[in-house]
Amino acid sequence: MLKTNRREALKFLSAGALAASAGSGLFVGIARADGKRIAMVVKNLGNSYFDACSNGAMEAAKAAGGFEIIYTAPTKATAEDQIAVIDSLIAQKVDGIIVSSNDANALVPAGKKAMDRGIKVISFDSAIAKEGRIMHLNASSTPLIGAKQVQMIAKTLGGKGEVAILSAASTMTNQNSWIEAMKEEWKKPEYAEMPLVATVYGDDQDDKSYREMQGLVKAYPNLKGVISPTTIGIRAGAKAIMDGGLVGKVFITGLGLPSEMKEAVLAGACDTFAIWNPVDYGYASTQIMINILNGAEAGPGSTVSMGRMGETKVGDDGEAAMGEPFVFDKSNVEKFAAIF
Amino acid sequence: MSFILRNREIALAIIIALMVTGIGIYAPPFVSPDNISYVLDDTSILFMMVLGQMMVILTRGIDLSVASNIALSGMISASLAESSPNLPVITYIALAIVTGTILGLINGSLIAFVGIPPIVMTLGTLAAFRGLIVVYGGGNQVNASEMGAVFQGFPKIPILGVTSTFWIMVALSIGVFVFLNMTRAGRGLYAVGGNPEAARYCGIDLSRQQLLVYTLSGAIAGLCGYLWTARYGVAYSEIASGFELTVIAACVIGGVSIAGGVGTVPGALLGALFLGVIVNALPVMQITPFWQMAISGFVILTAVILNARSEKRGIKLILPEARRAAGGTP
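Taken in sequence, the protein lines are chains D and S. All the letters of the first sequence, read from the start, carry residue numbers 0 to 339 under numbering that gives the first Met the number 0. All the letters of the second sequence, read from the start, carry residue numbers 0 to 329 under numbering that gives the first Met the number 0.
Which stretches of chain D does chain S cover? Using the computed rule of at least three CB atoms under 8 Å from a CB of chain S, they are:
#, region
1, 193–206
2, 213–220
3, 234–243
4, 253–261
In silico DSS-like cross-links for lysine-lysine, where the CA-CA straight-line distance does not exceed 30 Å:
#, chain 1, residue 1, chain 2, residue 2
5, D, Lys223, S, Lys155
6, D, Lys129, D, Lys112
7, S, Lys155, D, Lys329
To list a few chain S residues with every Cβ distance to chain D over 10 Å, as calculated:
#, residue
8, Val113
9, Val119
10, Val177
11, Thr182
12, Glu196
13, Pro265
14, Leu300
Bear in mind the hints are in silico, worked out from the structure with no lab data behind them. Yeah, the Cβ is synthetic: ideal placement off N, Cα and C, and Gly gets one too.
Hey, can you work out the whole structure from these sequences and the hints?
Written as structure tokens, this is what we have:
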């Protein structure tokens, strides 16, 4: 499950950063510029995923002109430390704050305090609860994520052959909602010759996912494709394909991280996989903030522009989706593997 | 018949044979030579871990830190492979074993010389070792593409139809068998577990035995740490999470008594094989995950109940007067 994976990664990162900084406190870049200042507050420092997001933010600010990005975060991925960072930004009187929150509810008071002082607050990646921000930008939406994965495997297989799903745990809400979305896409006539034969669960453990993948190819000798909407499942499944000499016979796709999938893609076990592109994500969030600072409406029901990423509609819950997941293949996986 | 029932190893072997036959009828690909070779390879790490854990349990101890040891040793070994990917593979293996041994030594010395109860000590190191991975690696994970082909290739080299991992396991099993049955230190483990008081009066030092078993358990976990990370091509703090319980369960199924002093190498290996067959058969048979958990739990409980029954043996009365007093024949 992506969310858990990220959270765990953050946990380790934060502990590492803590050990390295040994309580050196918070880092906040102090800006001196005449233009408007936008702060991007991420979960913690030293995370290459967020560094990539900040690159996108810089790109948007540069393109718009007259905006400066303050990229900052606590050293530890905790809500308390993040609130301290936001308080310090309020004191600096920045114009806008973009947050990937460490705790949806705990950050509400800090968000409200900033908005009371005229600072615009939006969240991305990990939302602040509704009351503490103007809007939240999701990387994608459940229907888009589900549909994309079915489309990817259909493209690899030419729309023909048995396909199975290798999920995380049978109890995970987002996994199940993505699988439902896949089945919705599957109802379309172009997938008539590509039946879904099984859904198995690897519990987001490498060894169990590997065994489930081995079991799938034995239980379904005609299996051609596997969709794994979890970063651990897709990497373990790809490993099982490579170890079992099944490259070219069975293909895996799904949601993966380029750094983990590079080998499988180059070996041919995986043709394409998807996940959101952090550079685009940082860019789109910043573009929305720039538009808000320029007077655009971003409340529920409104449509906001994300520059080169197009437009998005804000739902009644104050959330919007950037777009469909970004597809990685042989041509770009190595470039992105260096980032995240 | 009564011989079979009394001899746990034979009973377990028959159960496994019946199970494999049944699965083979239901899902023929499961009993293909390829798949049998795969199951043996897949279970090899569990086989080895069971041997280490059994030696600990024989002394009435328990080592809960083994899975964390796998993760930490594997991480350190994989990090070396990441920074220098073209060293001889023995370097990575040796580093993992040395790391595991040191971790085992920490457990062993504190249990033996400070007197911390094994369950408390290893519960502490279970968490501490995983924490150390974060401190050591700065939260980074080592991926397949960073480990290099040398590191990942070795455990999968085929020799006579099975992998090198399997042969390492065979060698280790023979070693542990010889150690337990033919050396003074090995027999001493049964003595301290069976009756610590008597062992002490015989001059067998419990502390030294404890230091020995936790260190051996750590060394085996270190070796498995290398094999695990190389096999799955990933090293991070959560690998083999919860695996210690599978290892202990395999010991229990294999007739190793948690009360100490009882357990054999063939029994423990069969216990591991039993679980290995189950975890590999259930996906092939396409049984739902809910049933998978229920079946595993049911099997473990059955094994424990069988163990409890077979362990209800009376105290042996040595003196003829005592036997007469108890109503038996002299």
